[in-house]
Each structure stands twice: as structure tokens, then as C-alpha cells.
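**Student:** Just so you know, the protein sequences line up as chains A and B, in that order.
Taken in order, the first sequence gives residues 1 to 154; the numbers are from our numbering.
Taken in order, the second sequence gives residues 1 to 145; the numbers are from our numbering.
Simulated from the structure, these hints should not be mistaken for laboratory data.
Be aware that one or more of the hints could be misleading.
What the hints assert, rightly or not - 16 Å max Cα-Cα, derived EDC-like pairs, lysine to aspartate or glutamate:
1. K86/B x D58/B
2. K64/B x E81/A
3. K86/B x D121/B
4. K77/A x D57/A
5. K92/B x E81/A
6. K71/B x D30/B
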Amino acid sequence: MLLPNASSRHTVRLVSPQSTEWNSPQVEGAASAPWVIRELTADQPSLRPQDAVDIDDLLAEFETTPHGASAIADGRKWVAENFYNGGASLAALRLQRGWSQAELARRVGTSQSYIGRLEKNAIDPQLSTVRKIAHALGVPVAAVDGALTLEKAP
Amino acid sequence: MARNTKFGIIASLSLHLDAAGDLRALMISDSASGGKIAAFLQQAKNDPRIIATLLDHDFGDTRKDPYHVSKWLEFWNTGYNLWRVKLWTFPKGSLRYRIVYAYQPSTQHYHVLAIVHRDFDYQTDHVVTQRILTAYRSLGITTIH
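Just chain A, with the same shape it has in the complex:
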């Protein structure tokens, strides 16, 4: 049996067409509707077997002990150095600090799926979000802007 993975879910935001957030192309009939679909995330419900373990859940389990948390943080720094060449992409900046997407999200005050979509270049963040990420990472705003530009690179 396959179950939806809690860490990847559909997101549907409903906003008024008159909202300042509304900047998508108008759809026929949408202007008269009280609410319209503003955003569908890129995340598809991933189907994992019922008797399987999500890697995020397993790492969270390891991180409940100081020794495990330290080993996982060191592992992420190793991934940053070896897989991202110590680079300056958002994923690299995060991993260099030994953080999961969930940890960065917690420090920024957003969701893990939002950070995941940023790292996949699926969305363009607002400047205020870029500032929050820069503050959390302890880097200049320009560094985050550059990191997001790197994520867009082919």
C-alpha cells in the first residue's frame, strides 16, 4: 500500500482576485469568482510504501541525541564540501552550517517545503524572505540573492 508522504504535499492558496497578491494571468470567469486558486506548489505527493521509513524522520530520530546530532551535522558539512564544492548555492550555505531544510525553515519562520522549493528554484521569494534567510544564515542579503541565482543556473 502506498501512502502520501507528509513531507511533500499539495498546497493550494485561495485569495481574492482583488488582492494585491493577485498577479497571475486572469482566467475566464475568475474575475467574478469570490476566490481563485492563486498557487499550486510543485510538490507532488510522493508515494512511499507503508512499511518504509522517510529519511527526514530517521534523521530527526538520530538528532534527538547530542552525539547523533553532531554526526549528522558533520555529515551535512561533508556533503556541502564534497557535493557542492563548498559553493554558495542556498543548499550549500545551509549544509555548511549542518542544517536540514527543516532547521533553516524553523529559523526563518517558514515551512520546510518552502525552503525545498527555493532550493529547487520553483519559486521566487519576496525580498523580506530573502532578508530573513540572510539573517538566519548570517550572511549578507546579496549572498542569498547570489545563492538563489546559482540555483537557477542550468
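Since the structure of chain A is provided, determine the placement of chain B on it from the hints.
**Tutor:** Structure of chain B alone, referenced to chain A:
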């Protein structure tokens, strides 16, 4: 191959209970290696560019990339969609453990089936091999790829 389109299917990854047990044991016996493997698997799940390469036979064989992907040819040739990845260490060598996984094309899902010591050497009559094959069969993946 994994896709990362706005509304397309995105490849996903999970650990079979056996593999989760392997990783738990490794975190106790060799947490430095366990931490690296765990972090790699989490980032593979998060980064479509990594996960897409996990079906690229011989990816990284020249050490130009930080890991080497290989079909488990002995079983691949009989229809099993079984793979393994070896994580290089620099400037030389590799981690002492290998990640064995299966790929399910119908759901674009990677099933990590085992974390094995390199001395395991993929012997077909090894008890771990039998465990992996049992886990593979339980997933219902077609043996024709």
C-alpha cells in the same frame, strides 16, 4: 529519470525497514560514516540533480563526481532494477559502506534496501543479498526494466 517540472512527478526516496535498521546500527558503530550516509540520502531526496544521477550507470567512476553509481549487474541482467552507490572520500578512497537501492519506475520511487560494508562484495549467496532480494520482491517492482 527524475523530473522536476512545475507540476510533474518528482522522484522520491525512502528507506526499507531493513535499511533503516542498517543505518541505525551504523550510527552506533561508526557514527562518522553513518552521519555522512544519512546526510547524503537526505540531500539526494531534496536535490533533483542528485537523485536523477542515481540511475546513471557508472556516474562518477572517474572520481570527477563525489559518488559512483552502478547497477548491480548480476541481478540487473536478470531483470532486477537494483543499484548501488559508493561515496568517494578525498583525496582518495571511499567510505567503507555502500548504499543498495531499487528503483520503481511506475512511481519514480527509490527504495533504499541496505547499507552494507564494502567487504560484503555483492556475493549472491550472502545472507544480506538474500535479505535484499526478499525486500525487493516485497515491493512488487517488475523484474523487467
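**Student:** Does each hint hold? Answer for all of them.
**Tutor:** Each hint tested on the structure:
1. Our distance criterion of 16 Å between C-alpha atoms is met by K86/B and D58/B, whose separation comes to about 11 Å.
2. About 14 Å separates the Cα atoms of K64/B and E81/A, which keeps this hinted pair within 16 Å; it holds.
3. For the hint pairing K86/B with D121/B, the CA-to-CA distance comes to about 12 Å; that is within 16 Å, so the pair holds.
4. In summary, the hint linking K77/A to D57/A is not supported, as the alpha carbons are separated by about 19 Å, beyond the 16 Å threshold.
5. For a cut-off of 16 Å, the pair hint linking K92/B to E81/A stands: about 15 Å separates their Cα positions.
6. Simply put, K71/B and D30/B have alpha-carbon atoms about 26 Å apart, too far for the 16 Å limit, and the pair is violated.
Hint violations for this structure: numbers 4 and 6, all remaining hints satisfied.
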